[in-house]
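Make a model of the complete structure from these sequences and hints.
Letter by letter, the sequence shown follows residues -10 to 503 in our numbering.
Do not take every clue at face value.
Here are the computed lysine-lysine pairs in the DSS-like style, where the Cα-Cα straight-line distance is at most 25 Å [claimed, not checked]:
| no. | residue 1 | residue 2 |
| --- | --- | --- |
| 1 | 316 | 373 |
| 2 | 343 | 373 |
| 3 | 373 | 390 |
| 4 | 456 | 437 |
| 5 | 384 | 249 |
| 6 | 369 | 384 |
| 7 | 85 | 16 |
If you are wondering where the hints come from, they were derived from the structure by calculation, not from laboratory data. Quantities reported herein were computed from a predicted structural model and do not represent experimental measurements.
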Amino acid sequence: MKLTRCLMVGLYGIENSGVRHLTSMLKQRGGYRADLMFFKDWRHNRVEWPTEDEYGLLVDLIEREGYHLVGLSFGSPYYRVGIEVTKRIKERLGDKVLVIWGGLHPTLTPEHCIHHTDIVCVGEGEYPLLELVNRLEDGRSINDISNMWVREPNGTIHRNAVKELVTSLDDLTFREFGGDDKFLIDNNMLTRGDPLVHHREYRIFASRGCPYKCAYCYNSSLRAIFPEGKGNYHRRRSVDNVMAELRLARQKMPNMAWVKFDDDTFVFPKKWLQEFAEKYKAEFGDLPWDCMMTPDVARIENLRLLKDAGLRGVQMGIEAGSDREQKEVYDRTSTVAQILAFDEMNLELGLDVKYDVIIDNPLAYTSDKDALFQLLMDLKSPYKIYLYSLTLYPKSSVTEKMLTAGYATESDVEGFATKSFRQFRVSVDWQRSNEDKFYLALYMLVNKQFISRDFIWKIYKSDFWRKHPDLLLEFAQGANLVRMTGIAAEMAFRGELSLQKVREYGNIRKMINQ
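The structure is reproduced here in C-alpha cells:
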C-alpha cells in the first residue's frame, strides 16, 4: 500500500476541472489516496473572503487525515486567498505538509508565487504531479522535475523548464467526480461528498487550449509559456473519448439533463464534427447541448449538422462592435460582417444565442461604443447578451497595452486586485462615467423584445438621457428584471432552475443582464 496521502484543493468553484483531472491521475495512474476539497463556492459579483472558521476547518481536516501533500489550484483573483490558506497550513503543520500551487495564476506568475509556497507547478500538471508524488513516495529528490519550481527550506529555488504539452488528450484519465472522498467548505461548514453529482448540467471539454490569442484572455499569456517546439497549443480529443466521458457522467449524475461544451471555441475538422453528430445523436439524443463559438468559424452547413444532433444554444464572443476595437485592442480576427452573417444564419436555425460583450474598456473610443450599440440594434434574430467588465489578468496582451498607455498600474491587475469579486459580469452599481452609464443602459435595452426599437432610438437621440444616465439605468434595470423573471420561469418549467444557480446569481442589484 502506498503511504503518500494527497489533498487537492480548488478555490472558488466546485466544477474546477484542473483539480479533478489531477486527482483522478493520482488515484487511477498512481494508486495513491488523493482526496478532493472545494474551498468556498463562487457567487456572481459577491465572492466572499474565507472566514477564520473556514480556514480552521480546512487545516483541521489536513491535520486529522494526515495528508502529506496539499495542492492549491486557483486563478488570479484568488491569489491572496491562496497565500492565506498556505500561511495557516504552515503555521500549524510546518514541514510535515508540502504545499504545491498550480492553476492559471501560479502558471503565469511563478516568480511571485514561489515565495509563498513550497512548489509551483507551471503549465499542465498531470504527469509532473504524478512524478512528484512518486518521488515523495520513494524518498527521492524532487528538485529537478519538469514544470516545477521548488523552494528548499534554505530558500534555494529550483526553476525547472516547462516540458512539452500533452500531445494525446485521450491518454489522460477522466475528471474525478462522485464518491465520499470529496469535501466542500462554505458558509462556515464542512460537507462531505461531491456537490457536482446533484447537478443537472454536465460541463465537458472536447479540446484543450485555443486557436486564438485574444488580448484580454489568459490564452494570450499561456502561449508565451508554450512557444513553438513545445507541442500544439490547441489539441482535440477523439469523438469516442468524449462519448466515453459522457457515458460515465450519465452513470454518476442521475439528474443530468443537458450538456455544456466548455471549449474556448467549438471548432473541429469537418470529419470530426460529422462523427460527433452521428454518435452523439445516437446515444445522447435526449440530452440537448450548448457550446461556445466565435463568429469566424460559424458555417451554416456545420450548424445544421450540429442542431440535428441536439445543439440547443451557442454562446458567442463578439466582445466589441467595431472592427477597430476588435483588431487593435483585442487582437481578434472576427469582424462585424461575420457577426451579422451568423445572425442571418440563426434566423433559419433558431438557436438560443448568447452574445458575450466586453465594456468598461478605457481604450475604446466613443465611436466604438456607438458602433456596438448600432451592431446590437442591427441583429435580427432573438438573442441574450452577457456583458462583462474588462478585467486585467497578469501578462495578458490587453494588460500590457493598458499599463503602457497609463490607464492601469500593477495594482489594477488581478492577483493584486480583486475586481472579479465584485464586477465580473456587469452590474449597474459599479462606478462609471456618465457616457459609459448611458451606453450600458442602451446595451441592456436593445434585446428586450417587449421594448420597441423606435423607442430605443428615441432614447439614443435624446440629450436628456445622455445627461441623466442614472435614471436611464434604473429603467434598464427594471426592464432587465422583467426579462430575467421570464427566463427564470422558463428555466423552472424545463427543470433547469437549480438551487445552485439561485445561489450563484440570485441578487437583484447585481443581476446579470440577459
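Open item on the list: Check whether the Cα positions of residue 85 and residue 16 lie no farther apart than 25 Å.
Closed with: holds, 22 Å
Below or equal to 25 Å on CA atoms is what counts here, so check residue 373 against residue 390.
-> violated, 30 Å
* Asked: Under the criterion that the straight-line Cα-Cα distance not exceed 25 Å, is the pair residue 369, residue 384 satisfied?
  -> Answer violated: residue 369 to residue 384 is near 38 Å, above 25 Å.
Is the hinted pair residue 384 and residue 249 satisfied, with a Cα-Cα distance of at most 25 Å?
violated, 29 Å
task: Would you mind confirming whether the straight-line C-alpha gap from residue 316 to residue 373 stays at or under 25 Å?
output: Judged against 25 Å, a Cα distance of about 24 Å means the pair holds.
*Hint consistency between residue 456 and residue 437 [alpha-carbon to alpha-carbon, up to 25 Å]*: holds, 23 Å
> Has the given pair, residue 343 with residue 373, been kept, meaning a C-alpha gap of at most 25 Å?
Replying inline: holds, 5 Å
Hints 3, 5 and 6, counting from the list given before, are not met by this structure.
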